[in-house]
Amino acid sequence: MTGITFDSPTARRPGAPGRVLSTAVVVLLLGLLLVFFVLPVIWLLLAPSKTAGQIVSDPPLSFGSFSQIGAAWKHLTSFQNGALLVWLKNSAVYSGASLLLTLATSVPAGYALALTKFRGRKTLLMVTLVTMIMPSATLVLPIFLELNKFHLIGTVWSIILPFSFYPFGVYLVYIYFATSLPREILAAARIDGCSEWQIFTHIALPLAKPVIGLVAFFSFVGNWNNFFLPYLVLPDSNEFPIQVGLNQLLSSTPSFNPVAGAGLNITVPELALAIIIAILPVLVLFLFSQRTLVSGMLAGATKE
Amino acid sequence: MTLLESRRVTATARRRGVPRRRGGLAGYFFVGGYAVLLLAFGVFPTVYAFYLSLTNDRGQFTGINQFVKVAQDYRFVPAFTDMLLYLAMWLVVLVGLTVLVAVVLRGRMRPGLSALFRFLFYIPGALAGVASVLVWLFMLDPAVSPVSWLLDSLGFHSFAAVLTPGNLPVIFVLIAFWTGAGGWIVVMYGALNNIPDEVLEAARMDGAGPWKTAWHIQIPMIRQWIAYMAILAFAAGTQLFVEPQLLQTASLGRVTPTWSPNQLAYVFAFQQGDFNGAAAISVFLLALGLIGAGLLVRRSDMFKVDET
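Same order as they appear, the protein sequences are chains C and Y. Residues in the first sequence are numbered consecutively from 1, following the working numbering. Residues in the second sequence are numbered consecutively from 1, following the working numbering.
Just chain Y, same shape as in the assembly (with noise of 0.2 Å):
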């Protein structure tokens, strides 16, 4: 009787167990290929970096001498300054203006006309990157740009007087929000259109006005989508490479060869040859980055994808 019944335990575990264990080769043989690559190029950098950071060229152990070193570089406190300036004037813009234009789009609008508002504020984002930055030095040329009539208003009568260092975080910004916010405020718009009409009805119902109505009832529902946007504008903008350094070749080296930290570290290495100080201002980066996104991550349910 005993006997039987444990017999019918195992087997009942075994069929269990069969399928399980298939699948489970069958996983392995499915993630292999991109689990190289994320080794290759997502965890073996990242430790290499912090290896780098922690070493010295002749690899002796000295750990943290790089991160005081590049700190204490007369260089990293500006390039850090500017670059969280520019975040917090990016970050700001951006979600005000993307849910803002989102929600005008959203209410006030007959959907065809809104449908043509998205599409053409969304073209310029195939110009990112290098393109993008090129077509603004011709913006913000008084000599050809389209508005120069403005720049002269405002007291930029050449392209020098554009290209002040007080200016460079708000080109930064225009260059970004051109390329960047069209996409956003699509998104952000079909967040919106998923919020029920009844919700939206009852609000009406209650006397809310449409600003009212987007304050309270539209925006904290779509509250995710905000956080992720910044999340992603946060990542993006620690990232500040192209946009200084093109601008810094167009400028006849007025613009600081080393206005972000990734030109920074791009100095360190290629013309100082200093490979480990180059990867400890990386460290520096990689830890504003995570620390940004997981403030942001914990406050909004993101990334709880895996409940099952």
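Only chain C is shown next, with the shape it has when bound in the complex (with noise of 0.2 Å):
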């Protein structure tokens, strides 16, 4: 432990061999993470360039070639006349009027609870919190129940409605007004005439816009990516959001499913093509939000 040292000029000592070995286990176990993590993506974006013979036959991270990849999307739209399509439209819309119903509820909810006094605030606050904590897809089988009792099974809005409800947006949202805000600014704003209704829209929501990001990004990617809900709920597959769909594709995959799979043309390459289209969106959000997803996550730091 004694000759291990930060890797800074004033600190260093070439030869040493504590820190060697040090360096030796640190370059081992990034360098094993990076392909546990990398591997699989260029595995996967280079598959729908093969077709199943290659994949089995080739070296693993070859590339195939571009009308391999035409083929494989044709094979992929021609499943059940486009169906992915389809799933990939119903996804857009339960996600997209989720997103909306969450951020005309959350925003105001998360603003609210840290700048206006009302009896039941409290209450309202804590029960927010454990609802945020409680495991959500125990829920799922009750909320069921409860559509069916309301006769919403099968239609969107047993989806968009519980895909709203997000109260992990709520506490994102009342920490960066209970932090960012200062509640002086609203009563200066009150003694100049300014209506409640005002003030929410002229000062808190333009001073809103970095946790709106980031309540629209986790609630648009964790709605996107939902699977027990609407593989409980839809019963048909013209009204499949896409995950369910995957789930579909791969119940047709001849290597996995040689009964019901045969005769189709669904076969690797095609299902890692129906992979990626899947990902796509939530992947470019991806792409930029690392810093979003940091402050987010960070948020409740700032409190102290």
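These are calculated hints, taken from the structure and not from any lab test. Where is the CB? At the ideal position from N, CA and C, for every residue including glycine. Treat the hints with care, since some could be wrong.
[What the hints assert, rightly or not] Label pairs and their calculated CB-CB ranges:
1) 202(Y) - 39(C): 34 to 42 Å
2) 253(Y) - 179(C): 48 to 56 Å
3) 209(C) - 77(Y): 47 to 55 Å
4) 294(Y) - 179(C): 21 to 29 Å
5) 53(C) - 113(Y): 37 to 45 Å
[What the hints assert, rightly or not] Quick look at which bits of chain C chain Y covers, simulated, 3 or more residues with Cβ under 8 Å:
6) 32-45
7) 56-63
8) 104-116
9) 131-137
10) 159-168
11) 196-210
12) 266-280
Relying on the hints, combine the two individually framed chains into one complex.
Set out below in structure tokens:
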């Protein structure tokens, strides 16, 4: 332990055996993790360019041909007469509409919890915190029964409404306003004769842009990737979001299901292409959102 | 005199009271939409789950009979054992590796390189859910896997050999780590970044090496964040459904359809038509999640947000 030093000019002692060992451990660890995280992604991106046979026979990280990507696309879109595109459209509708509803409800709620006084505020805050850390999938079954009772099963609302409930978003907005908008500003605006609504739209909302982006990101990604609820409440393939659609593709792949998959053109390259298409919107968001993610997850730290 | 004074008192009271009442009404207006959703999809389902678990299909109160019934089901103990085993492995691996990697990336690397690593670790997070399971089906199928030599050398010559019950928790940890760890590494790195340089400088002056500094200074200072990560990872872990469900599909039935408690609840509800039993399993999970979260919340200051 004693030979290990920080990798900085003042503390550098080349050749110290402890330091060499420690560096070796670090390089090995990072190298292994790098392969672990990146290799599957690269394999996935290359897979649609090959035929199912080439994937087995060719070197794993080789590129096949562009025409093969086209062929895979053709097979994929002809599956159940373009079901893939319908699923994508459904996912966009479900995630998009829920996103709007989430923002419309969670931003004002977080604002009010942070900066206004009303009876029941503390209770609402506590319930929000509890539901936030509650394992939400365990509520999916009771939600299914509830939706069933109100005859919403199979309608778009059975997805959009539960998706719109997002206590974590309320918590983020609450933390943001509690820490970054002094009450004195609001008091001054009230004295100037602003109505509560004007204060919210003219003062609070413009300041809230970063946290709105954050809530939007988490809400959209979470809903786009959600599987359990749509899997339960949507009986018809035409209503599936892409995640449930992928499950159906999987069970139609001959290599995983020789009986149901027989005669279909859905093989490994088609499935890989479907995965890439399914995650594309989220991937684009991810490419630009690393910083957003940190600031969101660290939002509570600014409180102290 | 007294009259005047009391009038003045009421006047100030009223003056103070006006914005308060106005704020109160506005407050209700602002939280209204959210409160409706909270009642409909947070509070009501919870209450409903408890109600169902305490009654039978004719709505008669049955006490703890539903809990006894599901707990005596031959699939109950295996499902919960599977999940707890997975949770234990997952939490150890997640906390250990993310903190270690964050410390290394924070302390021993040029900033540009460190940023590149964080980005590359973070990207698989975009494949969370069904996509990640499908990708790992390929990674673990010796026929198509790019690391089939590794699988071969570990003695897995076929997909069936990989999908033995004993391997499943490890497979789920691999999938969860692949999609989830990168984001947490980024978060832990951010938390480490918040530690003032002077603190680390002082530690160095006192002769502490990087590992000692990490163990005695950096890690204790981000304890809160580690607890936060553990809470959310624990809560997510109790919900395991899509991973075993898809593996079950892909394994042609070699994997049991009731591997995790959530799957067992699903089977109770939709294959046996026993919603009360399913609700009882949900309540077990809910209690487990709340106890776990409660313990961690008490030990960190994460949720002491409303002290003003």
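| message | Taking beta carbons only, do three or more residues of the stretch 56-63 of chain C come closer than 8 Å to chain Y? | response | Holds, because 3 residues of the stretch 56-63 of chain C bring their Cβ atoms closer than 8 Å to Cβ atoms of chain Y.
| Given a hinted range of 48 to 56 Å, is it respected by the beta-carbon distance of residue 253(Y) and residue 179(C)? | With Cβ atoms ~52 Å apart, the hint holds.
| query | With a cut-off of 8 Å between beta carbons, are at least three residues of the stretch 104-116 of chain C near chain Y? | reply | It holds, with 9 qualifying residues against the three required.
| Taking the CB of residue 294(Y) and the CB of residue 179(C), does the distance hold inside 21 to 29 Å? | holds (25 Å)
| query | Within the assertion that chain Y covers the stretch 196-210 of chain C, do at least three residues meet a Cβ-to-Cβ distance smaller than 8 Å? | reply | holds (count 3)
| query | Quick one: are residue 209(C) and residue 77(Y) within 47 to 55 Å, going by C-beta? | reply | holds (51 Å)
| said: At least three residues with a C-beta closer than 8 Å to a C-beta of chain Y: is that true for the stretch 266-280 of chain C? | reply: holds (count 6)
| task | Verify the coverage statement for the stretch 159-168 of chain C against chain Y, using a C-beta to C-beta distance below 8 Å and requiring 3 or more qualifying residues. | result | Coverage by chain Y holds here, the residue count being 5 at a Cβ distance below 8 Å.
| field | Within 8 Å of chain Y (C-beta), three or more residues of the stretch 32-45 of chain C | value | holds (count 10)
| message | 37 to 45 Å was suggested as the range; check whether the CB atoms of residue 53(C) and residue 113(Y) agree with it. | response | holds (39 Å)
| message | Within 34 to 42 Å: is that where the Cβ-Cβ distance between residue 202(Y) and residue 39(C) falls? | response | Once the Cβ atoms are compared, 41 Å apart, the range 34 to 42 Å for residue 39(C) and residue 202(Y) holds.
| said: At least three residues with a C-beta closer than 8 Å to a C-beta of chain Y: is that true for the stretch 131-137 of chain C? | reply: holds (count 6)
Every hint from the earlier list agrees with this structure, and none is contradicted.
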